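The task is simple: from the sequences and hints, build the whole structure.
First to last, the protein sequences are chains A and B.
Each residue of the first sequence is one higher than the one before, starting from 19 at the first, in my numbering.
Each residue of the second sequence is one higher than the one before, starting from 14 at the first, in my numbering.
If you are wondering where the hints come from, they were derived from the structure by calculation, not from laboratory data.
A portion of the hints provided could be inaccurate.
Stated by the list, open to error - Pairs of lysine-lysine residues, derived as PhoX-like cross-links and limited to a Cα-Cα distance of at most 25 Å, are as follows:
id: 1; chain 1: B; residue 1: K47; chain 2: A; residue 2: K151
id: 2; chain 1: A; residue 1: K154; chain 2: B; residue 2: K47
id: 3; chain 1: B; residue 1: K489; chain 2: B; residue 2: K359
id: 4; chain 1: B; residue 1: K232; chain 2: B; residue 2: K156
id: 5; chain 1: B; residue 1: K491; chain 2: B; residue 2: K506
id: 6; chain 1: A; residue 1: K154; chain 2: B; residue 2: K191
id: 7; chain 1: B; residue 1: K232; chain 2: B; residue 2: K315
id: 8; chain 1: B; residue 1: K47; chain 2: A; residue 2: K155
Said to hold, decoys possible - Computed from the model, here is a short list of chain A residues facing chain B with C-beta under 7 Å:
id: 9; residue: T69
id: 10; residue: G106
id: 11; residue: E125
In this text, all values refer to a predicted model and were calculated from it rather than measured experimentally.
Cβ coordinates follow ideal geometry from the N, Cα and C atoms, glycine included.
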Amino acid sequence: MTTTVSAAGLSLRYGLTTALDDVSLRLTEGVTGLLGPNGAGKTTLLRVLATAVPADEGTFTVLGHDPRTPAGRQETRRVLGYLPQTPGFHPDFSAFDFVDYVAILKELTDRTARHNEVRRVLAEVDLSDVRGKRIKKLSGGMRQRVALAAALVGDPGFLVLDEPTVGLDPEQRMRFRELIARAGEGRTVLLSTHQTEDVAMLCHRVVVMAAGRVRFDGTPAELTARAAGRVWSSSERDPNAKAGWRTGLGVFRNVGDPPPGAELVEPTLEDGYLLTLDGMHAEATA
Amino acid sequence: MSTVLTEAPAETSTAPAREPWSAIFALARFESRKLLLRIPVLFMLAAYVAWIVWRTKSGWYGYPALQDVDRATQTGPLLVGFAVLLCVNQAVLRSQRHDTERLFGVLVLEPWRRTAAHALSILPVTGLVVLGVAAQFGWQAVKSTAVGHGSVGELLVGPLCVLLCGAIGLLMARLVPKPFAIPVAAVLLLVFSVLAPASIGGGSATAWLTPIVGEGSTKTIPSELIGRPAVSHSLYLTGLALTLALLAVLISKGRTKTSTAVLAGSLAGAIALGVVGGVGQAAGVSSETVAARTVATLNPQKVQSCVRHGRSTYCAFPEWVPRTATWAEVTDHVQSLAGGTAQTRKLLVQQRVEARYGMEGDGAIEPSTTPNQVTVRTMWGGPRTPEFSAAVASVLVLGNEKAGGDVCDGRMVTIMWLALGWTSDPVTELRAVRLSDTVTGSSIVLSPTNGMTMTAGQTSVVRELLAAGPSTVTPKVKAHWAELTAPKVTTAKVAQLLGVKAPGGADKCE
Chain A
19 MTTTVSAAGL SLRYGLTTAL DDVSLRLTEG VTGLLGPNGA GKTTLLRVLA
69 TAVPADEGTF TVLGHDPRTP AGRQETRRVL GYLPQTPGFH PDFSAFDFVD
119 YVAILKELTD RTARHNEVRR VLAEVDLSDV RGKRIKKLSG GMRQRVALAA
169 ALVGDPGFLV LDEPTVGLDP EQRMRFRELI ARAGEGRTVL LSTHQTEDVA
219 MLCHRVVVMA AGRVRFDGTP AELTARAAGR VWSSSERDPN AKAGWRTGLG
269 VFRNVGDPPP GAELVEPTLE DGYLLTLDGM HAEATA
Chain B
14 MSTVLTEAPA ETSTAPAREP WSAIFALARF ESRKLLLRIP VLFMLAAYVA
64 WIVWRTKSGW YGYPALQDVD RATQTGPLLV GFAVLLCVNQ AVLRSQRHDT
114 ERLFGVLVLE PWRRTAAHAL SILPVTGLVV LGVAAQFGWQ AVKSTAVGHG
164 SVGELLVGPL CVLLCGAIGL LMARLVPKPF AIPVAAVLLL VFSVLAPASI
214 GGGSATAWLT PIVGEGSTKT IPSELIGRPA VSHSLYLTGL ALTLALLAVL
264 ISKGRTKTST AVLAGSLAGA IALGVVGGVG QAAGVSSETV AARTVATLNP
314 QKVQSCVRHG RSTYCAFPEW VPRTATWAEV TDHVQSLAGG TAQTRKLLVQ
364 QRVEARYGME GDGAIEPSTT PNQVTVRTMW GGPRTPEFSA AVASVLVLGN
414 EKAGGDVCDG RMVTIMWLAL GWTSDPVTEL RAVRLSDTVT GSSIVLSPTN
464 GMTMTAGQTS VVRELLAAGP STVTPKVKAH WAELTAPKVT TAKVAQLLGV
514 KAPGGADKCE
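Now the structure itself:
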């Protein structure tokens, strides 16, 4: 698969805080999930890749464009779609007007073509029926879809989505997953999320970040495989487990280093993610 | 850590060649549509239209002088200007207020181009104000009774004020992106544009630094004598508005070296335009205009055209020549009520102005001592018509204009009868021509030069005569003309001769 976005040695500090520490990655077409706890540097990485802030060190290219020069930055922005975390809206604008406004800011200047494109993306996110409605009258899920439409308008080659499913109810989240999956067809999508289910369902690759560094970069199956043989069930909470909880079946599910003879169970992506983070804590305290 | 799935050359997307201005124009169209639909702008546009209708219906009594009409278009657009100031400011700060800058900041159109689009978005609403000004001026200009010439420079001031307000809103948003900034700016602009000029006075060079100057003058003078630096002032306002708008664009981020150079060059041009206009408007009135004003005031016959209507001659400044026929109608009506030689006397009706101080001063004119000469001013219609009628009547009765200021006897009754007896609504005209706006008691009667005094008794007699009507009174006037116009004739005697109740007491002017 062709690499569309590549970053090498990205570092960024805010005062004494290191937000990004020598981050390198390569993205290809399809949806790549970006997992990590709060403060891991996910949003900072997305902001750097979206050209919102420059990195202190390191380089990256998006579809061959190097944003370090003003001209390169403009070209990068022309192929970029960005959905920021908790995006703002102009509440008095209709959904159509807001996306149209964003389309103009993306230099779609031909009025007829632009309006057709706005209608297309609003249809893509199932908002055709309410496109004339003011945003302040739309539900949270609909607003989030307006933001996705704004990111999709102009058919960008690289889509950066920062926690787009936060605050959505399960039905809305499921709907949003469909939209993201569709958006990932034929373009590169980088999806930051706290939801391992999102990654499991949508992503062909996953990057785990913690403390500004990439801790894992591989397929969801590889991340899940990290937990192979390290998840077991027991009738009592195992005090030696890294994490453990009672399931709906009344048994305890434990993650960590199982005792001899433990009843091993099938690991999930979340188990692999927890163990990856736990490994990082172990590194930090060693 | 990095994982390389496949080593392949990065794909480079090829963007089509883009015209940087086309996105600015597209955004400007979007923003201008939003601006025109904002409630404050719609409200103020409606108020502006109402103001135009009110001004047009209430001004100039149906006889406009276009050199006054052009200035009268200037204050109304400020209503729209204040709304534009507010709404442009809010539009620029919209992305900050609603936290959309995080998204917009990574889109292709840089802040400087967005600011430029906001600047251009002011143009359509300015265009509407241009239409308003054209309608207001055109409404008066198409009247057959209109005289004079408007100035394009004066007509541009209103729309340019809207442009200036928008530019202030734009710059304020970039300099002080806080909600309190706009009310402060609006108050300062109000003081700067309306209150300061009123206190400074239009004659001062510094007054021309403010947007609107000297509309409050009540004088009408020939357009070539006005001497207002209207064109320079328009250049100054254009330069000022462009300077503020370009400054706002220049302090916005995202400029390339080329755009910075173009903007800096444009800013220099705008400043130069403003300076040229500022210097031009501060130059004051030219010596030629001063000389022409003196001639027009002291020797108007040198620059006037005279035409004959019936028995009398009418000399007017060239712009007013078409109106001489209207004056002649009044003269003929007055003479038709007179008796003796007065009804066929040849009069010289001469238009006079006090133009030596330009638009400043009250424009008072000394009465003429030349026999059979009547002064007519530059304004007409409304109370100006009976005032002229009274002047014609006083000259027919007293011989010259100056004598009107001294008359205190019964001849005043004859004068007022001649002045008003021919009109369709003489009581209303009586009220209009009296300084007190009453039809009882004593009052000063206004005329184009000095006023005349009318006692309570004379007022009472005149009112009775007007009620009786011309068919009853005119034959008596003609029959007793010599007695009615004899010096020292009492009001009681006049009343007796004309068959109405005589007032008690002797004539006594206050």
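* To do: Taking the numbered hints from earlier one at a time, note which ones the structure violates and give those numbers from smallest to largest.
  => Going through the list in order, the structure violates no hint and respects every one.
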